[in-house]
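So the protein lines, in turn, are chains F and P. Position in the first sequence (first residue = 1) + 61 = my numbering. Position in the second sequence (first residue = 1) + 61 = my numbering.
Derived from the structure by calculation, the hints contain no laboratory data. For glycine and all other residues, C-beta sits at the position ideal for the given N, C-alpha and C. Among the hints, a few may not be true.
[Claimed, not checked] For lysine to any residue, the following SDA-like pairs were computed, each having C-alpha atoms within a straight-line distance of at most 20 Å:
(1) Lys99/P x Glu157/F
(2) Lys99/P x Arg164/F
(3) Lys99/F x Arg146/P
[What the hints assert, rightly or not] Over 12 Å on every C-beta distance to chain F, these chain P residues come out as not near it, computed from the model:
(4) Thr88
(5) Ile97
(6) Asp127
(7) Tyr138
(8) Asp145
(9) Arg152
(10) Asp160
(11) Arg169
(12) Gly175
There are 2 protein chains.
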Amino acid sequence: MSDTVSPSNIEASRVTGTNVYNRAGETLGEIYDVVIGKRDGRVKYAIMSFGGFLGIGEEYHPLPWDQLEYDERQGGYVVDLDRDRLEGAPRYARNERPDWDDREYGRRVDDFYGSPLLPASV
Amino acid sequence: MSDTVSPSNIEASRVTGTNVYNRAGETLGEIYDVVIGKRDGRVKYAIMSFGGFLGIGEEYHPLPWDQLEYDERQGGYVVDLDRDRLEGAPRYARNERPDWDDREYGRRVDDFYGSPLLPASV
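In isolation and in its complexed conformation, chain F is listed as follows:
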C-alpha cells in the first residue's frame, strides 16, 4: 500500500483529535469521539468538538459518519457544512450526553445532514 493512500481501517484513537474542515477549507472543529453500534457493528457518528477553551464552553456535534470525507492534503476530514449552518446543527454541551439509542434523536441528526436514518436498535 502506498504512503500516499490513506488507510481504510484505522484505530478510533487516531480518528479522535483529527481536524474537521468545511468545503471552504475553514476549520469547524476536531473529532472528539466516535459512536459505534455494539450489536450491528456499524460506525454511527463522529462527534465533533467545537469552540470553548480547555473544555469549558465546548460543544459537541454528532456528524453522521457517512458525511465525513478524509482529505489527504489537509490531513483532516471534510464535511459539507458552512459555519452558519453549523449554528443550527444538533449539538450538546459538555455536561450533557445524548441517548444514542433514542431513535428520535438519531432521526433529528440524520435529517439535518440528509443521511439515512439511524437503523433501529437490534
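Chain P: place on chain F using the hints.
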C-alpha cells in the same frame, strides 16, 4: 429504554477500558482501542490489551468485533477464548502497529477466531 438493557450505540471512549472475560469468567484483558473502517463504516476489531505493567510488556490482541458479547452482570465483554488459546492468538507489542489494511493480516486474525474475512478495502 430500561436501565437494565445495555445500550446498543456507545461512544468508543466508553468501550475502551472495559474488561474482557472468557466464558469461565476469567479476566483476559481490557479493551484498549477499536479499529474502524473509514470507508465502509464498519467496526472491525476491538484491540484487547493484556499483561504488562504501566504499559511496559503489554501486548495487544485484535479481536474481531463480532466475537464480543457484552455481559450486563459482569459489566464487561465476554469472548469465547481460554487462556491457553490466547497464547497462540495474533498479537503485537507496544512498539508495533499492524497494517490494518493488510488483507493477509486480517485473514490471519479472522481465521484464528473463525470470523468472516475482513472485507477488502474499498
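Hints and how they fare:
no. : hint               : in the structure
1   : Lys99/P x Glu157/F : 27 Å, violated
2   : Lys99/P x Arg164/F : 24 Å, violated
3   : Lys99/F x Arg146/P : 25 Å, violated
4   : Thr88              : 20 Å, holds
5   : Ile97              : 5 Å, violated
6   : Asp127             : 6 Å, violated
7   : Tyr138             : 9 Å, violated
8   : Asp145             : 28 Å, holds
9   : Arg152             : 16 Å, holds
10  : Asp160             : 7 Å, violated
11  : Arg169             : 15 Å, holds
12  : Gly175             : 16 Å, holds
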